[in-house]
Amino acid sequence: MSATVASAPPKAGLLRHIRYVLGENPVTALAFGLFALLVFAAIFGPALVPYDPIAGAGPALQPPSAKHWFGTDSLGRDVFSRVVAATRLDLGMAFAAVAIVFVFGTLAGTAAGFFGGWWDRIIGRIADTLMAFPLFVLAMGIVAAVGNSVESIVIATAIVNFPIYARIARAEANIRRDAGFVEAARLSGFSEGRILLTEVAPNLLPIMMVQVSLTLGYAILNCAGLSFIGLGIRPPTPEWGIMVAEGASTIISGEWWIALFPGLALMLAVFTFNLLGDGLRDIVDPRKRT
Amino acid sequence: MLGVTVRRLAAALPTLVGVVIVTFLLTRALPGDPAAYFAGPAATQQAIAEIRAKLGLDQPLPVQFLDYVQDLLRGDLGLSITTGQPVLHELTTRLPASAELTLLGLLFAGSVGITLGVLAALKQNSWLDNLCRVVATLGVSLPTFFTGLLLIYVFYYLLGWAPAPLGRLDAFASPPPHVTGFYLIDSLLAGDLETFRSALAQIVLPAITLGIFAVAPIARITRGSMLAVMGSDFIRAARGHGLSGRTVVVAYALRNALLPVVTTLGMVFSFLLGANVLVEKVFAWPGIGSYAVEALIASDYAPVQGFVMTMGVLYVLLNLMIDLLYQVIDPRVRLEA
Chain A
1 MSATVASAPP KAGLLRHIRY VLGENPVTAL AFGLFALLVF AAIFGPALVP
51 YDPIAGAGPA LQPPSAKHWF GTDSLGRDVF SRVVAATRLD LGMAFAAVAI
101 VFVFGTLAGT AAGFFGGWWD RIIGRIADTL MAFPLFVLAM GIVAAVGNSV
151 ESIVIATAIV NFPIYARIAR AEANIRRDAG FVEAARLSGF SEGRILLTEV
201 APNLLPIMMV QVSLTLGYAI LNCAGLSFIG LGIRPPTPEW GIMVAEGAST
251 IISGEWWIAL FPGLALMLAV FTFNLLGDGL RDIVDPRKRT
Chain B
291 MLGVTVRRLA AALPTLVGVV IVTFLLTRAL PGDPAAYFAG PAATQQAIAE
341 IRAKLGLDQP LPVQFLDYVQ DLLRGDLGLS ITTGQPVLHE LTTRLPASAE
391 LTLLGLLFAG SVGITLGVLA ALKQNSWLDN LCRVVATLGV SLPTFFTGLL
441 LIYVFYYLLG WAPAPLGRLD AFASPPPHVT GFYLIDSLLA GDLETFRSAL
491 AQIVLPAITL GIFAVAPIAR ITRGSMLAVM GSDFIRAARG HGLSGRTVVV
541 AYALRNALLP VVTTLGMVFS FLLGANVLVE KVFAWPGIGS YAVEALIASD
591 YAPVQGFVMT MGVLYVLLNL MIDLLYQVID PRVRLEA
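So the sequences go chain by chain: A and B.
If you count by my numbering, then the first sequence holds residues 1 to 290, one letter each, in order.
If you count by my numbering, then the second sequence holds residues 291 to 627, one letter each, in order.
Hints were generated in silico from the structure; no laboratory data involved.
Any given hint could be a false lead.
Stated by the list, open to error - Computed list of chain B residues with no C-beta within reach of chain A, every gap over 10 Å:
(1) Gly-368
(2) Phe-398
(3) Val-494
(4) Ser-534
(5) Gly-564
As the list claims (entries may be wrong) - So, partial list: chain B residues that the calculated Cβ filter (under 10 Å) puts toward chain A:
(6) Thr-305
(7) Val-309
(8) Thr-313
(9) Leu-315
(10) Thr-427
(11) Leu-440
(12) Pro-465
(13) Val-583
(14) Gln-595
Computed from a predicted structure; not experimentally measured.
The beta-carbon is built from N, C-alpha and C at its ideal position, and this holds for glycine as well.
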């Protein structure tokens, strides 16, 4: 019986497993669909929108109509075009931040867990110190220090996520420290650094990928929150956080659509990534299914 | 018990040192030259050099760090450039507003989250359970600043139930005599029901906005741990002895199920203190968060650093308190430690 299990081609098994999880859990399938929609809007959105997202397209403060689906803002710009065009910047910032922390956090955590000793102590101390701050507050402080720009929003979001990645990678690398394949690589004369990069780190990829999609939602919220309080992005750039901030002054006088639609887009994006993260976790690690 | 408490306190010290170091590094990593900034745009090279010497910026970094720590120990967090006031003074006068808001938000989140989690666990797979799951997923997707605006639109603009989102009291009320700095408590102490009502009306929406964000993690953890506890042997034994459902749930299950909830309070506070900044901005709440945001926009760095450090220290102390609280309610931790 064990022979039949072992001889099953792993690729087909994984595909079947994914299809099984998607079939059993339509919510995850929905999340993949929404994700595709978001990526489509990010890539083609700016080229497809009906109006110029930066220039005025009609009278100001018009409620939603057939001509302007999401209405127009206080400068007469089409809210629908701005919401769609903003997808690229919002997703771009979050992806960039998560990509940075994925690389550095995973490597640092793997080194801490695999080498132990001083590596572990120093990296653990850095992670602990960063965790000593409320995350959003630390992000504000970093933006203040690095400079008020889009890049520093990305850097700040990456840094506040560092402890999570480093801790998970550390724990997972620590388990594999003396695993069979590591011993085999040692016996083949690989250096410890090479074992870390070519044997241990690739082994952590599935778990770290789940973490990526779980933190993407938070990264989007963090970036949008920073731009909402006026950091990084300058008007008239279309971006969800700053658009909600622009709509904040008119919502008190009843023009709800200017803040509502970018806010909903933001929620939809975060919701998609949270669902996606849960779904990916089911595929990678079925034990943690809830 | 005392020994463990002392050990926990000692363990928090390196973290506090870390907080001070990070805040110091943030100060020195400034892109611009603080001396040039203080001197103003029309200053000569010589004037800038003098100011640099006066601020101690020409010293090596370790010396600067010692100066910084000495200033901190004297309670000197620098001056705000825009208001001309000492940062420490402004932070301490504004802190009660933030604390009142955060605690009320936590109270809301805790009562709603725990109730929802317990009910969901008791009636697994019912509509309540599904509601709990939806809340747990949707709740963490909500941008705080956006929920705040929605609540303002519905309850202020459409229904007219809430007052204008402009601070802690309406324009005609005057603040109660200062005792704790919490308007709700101070107005009651002064026996001033009018002010109490005004303060309560102002704080309800921002506190709910803040709390909604934290309901999700609390409900999720409560549900999970309640399910685990309800399935355990001692609950079956209690039932077998014929105790009423109410006694079993409240006295036996809930007390044990709340332990993991207390541990997650640290994470919840990280959420709350961060979201606090956004909520204060939306509701024009005169707390330390909106103070930091105003300073940040005006490139006035001393208040921002003071704010980041205050929040860091507060957060470390809160985590310490949660640790100690955990010992009080769970005797096993004391034995192991």
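Here is what the structure says about each hint:
1. Gly-368: Holds, because the least Cβ-Cβ distance between Gly-368/B and chain A comes to about 14 Å, which exceeds 10 Å.
2. Phe-398: holds (19 Å)
3. Val-494: Label holds. Min Cβ-Cβ 17 Å, cutoff 10 Å.
4. Ser-534: Ser-534/B clear of chain A: closest Cβ-Cβ about 31 Å, beyond 10 Å.
5. Gly-564: violated (3 Å)
6. Thr-305: Because about 5 Å separates Thr-305/B from the closest Cβ in chain A, which is inside the 10 Å limit, the hint holds.
7. Val-309: holds (5 Å)
8. Thr-313: holds (7 Å)
9. Leu-315: Holds. Min distance 8 Å.
10. Thr-427: Because about 6 Å separates Thr-427/B from the closest Cβ in chain A, which is inside the 10 Å limit, the hint holds.
11. Leu-440: holds (7 Å)
12. Pro-465: violated (24 Å)
13. Val-583: For Val-583/B, the interface hint holds, since the closest Cβ of chain A sits about 5 Å away, which is under 10 Å.
14. Gln-595: This hint holds: Gln-595/B lies near chain A, its Cβ roughly 7 Å from the closest one there, short of 10 Å.
Violated hints, listed in ascending order, are 5, 12; each of the other numbered hints is respected by the structure.
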